[in-house]
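Asks: Make a model of the complete structure from these sequences and hints.
For the record, the sequence lines run as chains A and B. With my numbering, you'll find the first sequence wraps up at 267, consecutive numbering, no jumps. With my numbering, you'll find the second sequence wraps up at 201, consecutive numbering, no jumps.
No lab work stands behind these hints: they were computed from the structure. We put the beta carbon where it would ideally sit given N, CA and C, even for glycine. Please note that a few of the clues may not be correct.
[What the hints assert, rightly or not] Sample of chain B residues facing chain A (criterion: CB under 7 Å; computed from the structure):
no.	residue
1	K112
2	P114
3	K183
[As the list claims (entries may be wrong)] Computed footprint of chain A on chain B; a stretch qualifies when at least three of its residues, placed anywhere within it, have a C-beta under 8 Å from a C-beta of chain A:
no.	stretch
4	16–24
5	32–45
6	117–123
7	185–193
[Claimed, not checked] Computed list of lysine-lysine pairs in DSSO-like fashion (alpha-carbon distance at most 27 Å, straight line):
no.	chain 1	residue 1	chain 2	residue 2
8	A	K260	B	K158
9	B	K112	A	K234
10	A	K178	B	K158
11	B	K172	B	K158
12	B	K125	B	K68
13	B	K158	A	K234
14	B	K101	A	K110
15	B	K112	A	K142
16	B	K103	B	K125
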Amino acid sequence: MPLAKRIIPCLDVDHGKVVKGVNFLQLKHAGDPVEMAKRYSDDQADELVFLDITASHEKRDIMRQYVERVADAINIPFTVGGGIRNVSDARNILCSGADKVSINTAAVEKPMLITELSDVFGRQCIVVAIDVKCNLTPAEGKVTVQTSKGPVWFEVTTYGGRKATGIDAIAWALQAEKLGAGEFLITSMDKDGTESGFDIELTCAISEHVHVPVIASGGAGLPQHFYDVLTTGKADAALAASVFHYNKYPVPIIKNYLHKTGVPIRQ
Amino acid sequence: MVKAVVFDYGVGNLLSIKYALERVGFPVSIGSEVQDLAEADAIILPGVGSFTPAVEKLECAREVLKGKVAEGVPLLGICLGLQLFFEESAEGSGVGLAFFKGKVVRLQGDLKIPHMGWNTLDIVKPCELFDDIPNGSYVYFVHSLYPVPVDESIVCTKTFYGASFASGVVDKNVFGLQFHPEKSGDVGLQILRNFARVVRR
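Replies: Okay, here's the thing in structure tokens:
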């Protein structure tokens with residue numbers, strides 16, 4: 001069997017609690033990252049991503065505490081992102097038991113951060129997350145991609161999609177890979193929250209240009225969406241939140257569907 | 001009371017392996033001093049960092065480790081830990097611990113590198129480390145290099161990524177895994193449980 005495609009639930013964490021609605025059956029304290037991590041791990045999730053959205057000065061200690069508790073509770077790989085701006089932030093997370101750190105806005109603003117982190121911890125620890133919007137206005141010097149919407153280019157956004165940067169996502173991914181990125185987490189801001197399917201064209205365009213694994217994110221709503229992005233979209237892994245949180249399609253259902261349709265998957 | 005030590009020889013995540021071993025009822029301590037190794041009944045060399053700095057950091061512990069292996073103390077190397085058991089690595093200069101003859105080479109071909117994710121074990125030789133592990137079980141890999149042992153008979157498991165490579169290597173009391181049992185779910189825990197049983201015997 002070849003390398004399995006990965007299914008990755010994503011958890012947004014604020015002050016050590018999972019936010020966004022969570023609706024697991026028989027889960028007493030919905031919102032506890034450790035319980036949710038355990039539940040997903042028992043459900044054969046291949047990896048977990050925690051996105052820390054805490055915006056306060058005591059952030060470091062809170063992050064360290066829950067990362068340690070999660071590491072103590074599960075034995076599948078997990079990534080922590082959100083507010084990692086330097087080597088010391090990353091060390092704090094990795095030495096508390098996380099396997100990878102994810103950086104996004106900080107990397108766009110200071111690309112050398114990727115090299116600094118990758119030199120110290122190894123590139124396999126460094127996930128570069130890119131939030132992308134499809135730009136329909138032709139612009140010079142951008143990689144034009146033919147899509148169902150016509151010719152477009154993919155624009156990097158920062159600050160959770162609030163700020164358009166004018167940077168071409170494919171060019172940025174290539175640069176980030178050269179600087180030491182070990183993996184990409186590509187989120188389509190156009191698709192995020194729509195449950196209408198991943199952005200296949202975006203994912204495929206990035207995946208064809210880089211030589212490290214690509215995680216697709218944004219838009220998952222049905223098992224078929226996972227199939228599409230892991231085959232046509234050429235993604236190595238697919239990440240989702242609400243389909244899993246609301247127990248609409250638990251991880252085993254998605255995996256079973258993928259297995260039956262011939263996608264290599266760990267069961 | 002068995003004294004098992006996870007040897008800290010650099011940066012990175014040592015807690016996961018400690019927690020995973022504790023979960024299978026095998027308490028370990030993390031030690032960074034040569035003295036910690038000298039007193040150990042079992043040693044775990046975890047998988048963090050890259051070859052050359054690791055070799056440099058292990059220099060002071062080299063003779064002690066060799067002595068422990070000669071005494072028959074079980075030694076488990078994970079990922080880079082396993083690669084250090086060989087003589088040399090394409091990742092950088094320096095001489096490995098040379099418990100196994102052979103070298104560590106880069107994954108090559110039209111592949112995404114690192115080899116990251118869940119892949120299967122083809123158990124090619126019975127070994128107590130893989131007791132109760134079904135052939136074809138998935139385990140978690142993150143690596144860009146793999147070992148090529150001169151002596152094929154020490155290879156217990158193989159894994160395919162572009163080409164078939166040795167993912168589990170065992171010779172007497174020296175156990176090496178290219179994957180991460182501490183990140184490999186229930187299969188990984190069973191492998192660690194098996195290691196604990198070997199140590200206690």
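Asks: Looking back at the hints listed earlier, which ones does the structure fail to meet?
Replies: 5, 10 and 14
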